[in-house]
Amino acid sequence: MSDPARDCDPQVLERYWLGELDASSGESVEEHLFSCAPCARWLEELAALQEGLGDLMRAGAVLAATTDAVVARALEQGLRLRTYRIQAGGTVHCTIAPEDDANVVRLCGPFSQSERIDLQTVRRENDEVVSSSWSEDVPVDRGKGEIILLNPGEAIRALPASTFELEAVAHDASGRKSPLGRYRLEHSPWAS
Amino acid sequence: MSRRSKERRRSDTLGIVPEAQPSDEPILGDPSALEDGELARRIATAPVVASDAEAELYRRFAPRVLLYGLRHLRERAAAEDLAQHVLLLVLEKLRAGAVRDPERIGSFVLGTARLASRERQRERNRFAAAADDIDRALGTQAPPPLQRLDTGALRQCLHALPERERAVILTSYYAERSASEVAAELGLSPGNVRVIRHRSLRELRACMGLEGAAR
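Chains as they are written, first to last, in our numbering: chain A, 1 to 192; chain B, 193 to 407.
A hint or two may mislead.
Not everything, but these chain B residues come out facing chain A in the computed CB check (under 7 Å) [claimed, not checked]:
| hint | residue |
| --- | --- |
| 1 | T237 |
| 2 | V240 |
| 3 | E248 |
| 4 | R251 |
| 5 | R256 |
| 6 | L307 |
| 7 | R310 |
| 8 | C349 |
| 9 | L353 |
| 10 | A367 |
| 11 | A375 |
Keep in mind that the hints were calculated from the coordinates and are not lab data. Every residue, glycine too, gets a C-beta built ideally from N, C-alpha and C.
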């Protein structure tokens, strides 16, 4: 039996949409959806958002610190991802091909025990700093022990030869910071 | 309605779906203002095809069947075929006076969707012709049942989310992982993932100007 007070709860609709409810609760939500226009509308918008996220990913247009599941899904969908894995203190030479949709940079380090990790990114051209930014509380893939950075292909292709210096910094509960690793990427445009 | 006209109308629904004809139903007001049950009753009791009422029924329920199809079939084209097929069946049943309780039309549509979805899983591509049929039944090209968002705006809104929220949103809705799976990847509890997911979805919806009314 549908229970509008429960089934109009967006968190219940989210769980229904992601298949987290048992069969009986899912059927109850469906009964409700077919008699409640506002809830159906809310779920339509969620479906449209999900489809839009898929469109952005397929276009290689997303910039994110992400998870292995997202990378796996992108590969399943046939996206061309150019991947670099860097150990703390390491340097890699990198580029992006015209047919690549995105690149993936996997930073390896002692991340598993840190509650919060911030990441500083500095880009240089001819040793001059042209941009610097901090990403706060970046997600860490605990299974792999990596920070996984997804970068849009178009944005990387537009860059001249550049050096990226990344530094991962841990924050403990008292706010004290400690460096976890530095990484360097030497980017060259694709040589055709 | 005369018995003969009702029989003629019913006989039309037994074979190929009839071409929609201009309605000669009396002016009863805007169908969009009717409750679901009243709308279904108007279609069921109209002397000829009630085009406006049928289009309104389609507008209301096709998106819900599409959502049902997306949720269960996980494939946009299959879900669209299902929506067209189910609405066609429902309109035929209503026209034929075969819906016992028009007040519960929502449950009837859902039941039809459940049956058709199971059939579809047994027999793929069965509904491929339904899109043409529903266009013919409505006498016009049926609108797409689900809106598409401006991806430029969505990109900006996604990138405005904090890093952790963006990762949770993408892992949940792009990679289609449950809260437990996201939690395992990110070293969080499932409850914490649900809270972050809900909060970031609310932020994303607000940024996109989506104002659906579930509380």
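Each hint tested on the structure:
Below 7 Å, beta-carbon pairs count as interface contacts, and T237/B has none with chain A, the closest being about 21 Å; its hint is therefore violated. With 7 Å as the threshold, the beta carbon of V240/B stays out of range of chain A, its nearest partner Cβ sitting at about 27 Å, so the hint is violated. Checking E248/B against chain A: minimum C-beta separation of about 12 Å lies over 7 Å; hint violated. A least Cβ separation of about 11 Å between R251/B and chain A goes past the 7 Å threshold, and the interface hint is therefore violated.
With a cut of 7 Å, the hint placing R256/B at the interface with chain A holds, because the nearest CB-to-CB distance is about 5 Å. Annotation: L307/B was flagged as interfacial toward chain A, and the flag is violated, the nearest CB pair being 13 Å apart, outside 7 Å. A distance limit of 7 Å between C-beta atoms decides the matter here; for R310/B the minimum to chain A is near 13 Å, and the interface restraint is violated. Annotation: C349/B was flagged as interfacial toward chain A, and the flag is violated, the nearest CB pair being 9 Å apart, outside 7 Å.
At a threshold of 7 Å, the smallest CB-CB gap from L353/B to chain A is about 9 Å, leaving the interface hint violated. Nearest Cβ of chain A to the Cβ of A367/B: about 4 Å, under the 7 Å cut. The hint holds. The restraint placing A375/B at the interface with chain A is violated, with a minimum CB-CB distance near 9 Å, outside the 7 Å limit.
The structure fails hints 1, 2, 3, 4, 6, 7, 8, 9, 11 (numbered hints given earlier, in ascending order).
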